[in-house]
Amino acid sequence: MHCNSLDSCCEICYTVPSNKTDNPVSIFNESDLQLLHRSTSSKKGNSKDCTLSLSSVTSYPPTTTAIDNTIFDVWSDNPHDMNSDFLSSNEMSGLCGLSCGHRFCPDCWCSYLTIKIEEGLSIEINCMSVGCNVLVIEDFLLTLLKNSPVKDKYLNLLFHRTVESHPSLRFCIGLGCPVLICALEEPKARRVQCERCHAEFCFMCSEAYHAPTSCATLKQWLVKCRDDSGTANYMTAHTKDCPSCHVCIEKNEGCNHMKCSLCHYEFCWVCLGIWKSHDAEYYFCSKYQENPDAAKESVRTRARESLERYMFYYERWENHERSLRLEHDQRARIQARINEKVLKKEGTWIDWQYLLLAADTLRNCRYTLKYTYPHAFYGEKLERKELFEYQQALLEAEVEDLSWKIEHAEITDRGDLQNKMDICEKHRLTLLQEFLTN
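6 is the number of the first residue of the sequence shown in this note's numbering; add one for each residue after it.
It should be emphasised that the hints constitute simulated quantities derived from the structure, not laboratory data.
All residues carry an ideal CB built from backbone N, CA and C; glycine is no exception.
Hints are not guaranteed to be accurate.
[Stated by the list, open to error] With beta-carbon atoms standing in for the labels, derived distance ranges:
1) L361 with A398: 26 to 36 Å
2) C268 with A221: 42 to 52 Å
3) C220 with E124: 26 to 36 Å
4) A221 with L329: 19 to 29 Å
5) R327 with S282: 45 to 55 Å
6) A398 with S282: 16 to 26 Å
[To be verified] In silico SDA-like cross-links for lysine to any residue, where the CA-CA straight-line distance does not exceed 20 Å:
7) K410 with E345
8) K121 with H165
9) K121 with S173
10) K264 with D246
All chains, please: the whole structure from these sequences, using the hints.
Printed below as a string of structure tokens:
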């Protein structure tokens, strides 16, 4: 199976040497992944390495697909002597434990392990003795729970933890999709698409593909958009404290004459002075005086500027997000227009396909533009920030022009529309160049 790139060849997930394979990633079903090989070494401390060999699943040589994934050190002797070593310290006592020496009855162990597995733990389960940090090893747990209904859940949790711990493996983010994707060279923040459910995502962070924004920047941006930081900035920028009782007051009208609803103190919104001192200039504060709260006002000013800057980038991010959500409706309208033209014998279906290609170009450009705004918002220290924003503005203008031309295109406009598509794609790839070459 292959990794489909939605963009030009420069955005393919990885570039793999031709003598290996033409595919940047290997995609296979989770149900097909078997624990094909487990080797027990005689390292110091009897540490066990767990090796998942995927060669029989992916049809690639073991040197390409072998996953050496030592998640943690386990402590045991030969499995043949397992019962005499860590399952029972005394045949008459019926107690069992780990290398730490803490022993408990099998029923207590089973109850403890069942609770931990139901909590979603796998490799993180410690010895049940209070304060003991020795991890419960897999063989010990499976022996105790060999007839327990939670055994399968534990194996499933262990499998998922193994995959999540490995830098070259990713679960498909599609709802209920059982596909695993394996990178065949060093993982990077590149777009991959599942051939089973067609879900698209960034291989590194499993979020929506976000070039030219880095994974760390996108995470920071999404947190900012989700939390109440915007509300906090708004409150700081648009509210002041009553000079008398210090309750927070929001100005919702143009008049500077404020009256606290709690203590009924009347004051000027501009200078926070008592309102009676304004005499005839009740509705316009023109007095200049040294403000003892100048530091607080400076904080408010900075908060206001910070809010305005954030809203500038967020509104543009959200605008392209809304446009992308309407993409399906736009394609349906274009398809209806094509059908109408064909029925009226104003060209063949092939003659009008360029409109759908133009819609694809428009979508790709809007998608890229959407993710340029987090990059610019956190890019105060970018070496070429002015150049980046200039290129961003060029693409914005060309995209709006392309959108208008698509809505009003006729068969005679094909050459003009194709030229606009080429210009948009050129600007888009220019914005992505630095991201894709790193």
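Okay, the hints, checked on the actual structure:
Range check, L361 to A398: about 28 Å between beta-carbon atoms, so the 26 to 36 Å window is met. For C268 paired with A221, a C-beta distance near 47 Å keeps the hint of 42 to 52 Å intact. Taken as a hint, the range 26 to 36 Å holds for the pair C220 and E124, whose Cβ atoms sit roughly 29 Å apart. The given range of 19 to 29 Å is respected by A221 and L329, whose C-beta atoms sit roughly 23 Å from each other.
For R327 and S282, the Cβ-Cβ distance of about 49 Å falls inside the hinted range of 45 to 55 Å, so the restraint holds. As the Cβ distance of A398 to S282 is approximately 48 Å, the hint placing it in 16 to 26 Å is violated. As the CA atoms of K410 and E345 are separated by approximately 18 Å, the hinted pair is consistent with the 20 Å bound. Between the alpha carbons of K121 and H165 the distance comes to roughly 16 Å, so the proposed pair stays at or under 20 Å and holds.
A threshold of 20 Å between alpha carbons decides the hint, and for K121 with S173 the separation of about 28 Å lies outside it, so the pair is violated. With a C-alpha separation of about 12 Å, the suggested pair K264 and D246 falls inside the 20 Å cut-off, and the hint holds.
In this structure, the earlier hints numbered 6 and 9 are contradicted, and the remaining ones agree with it.
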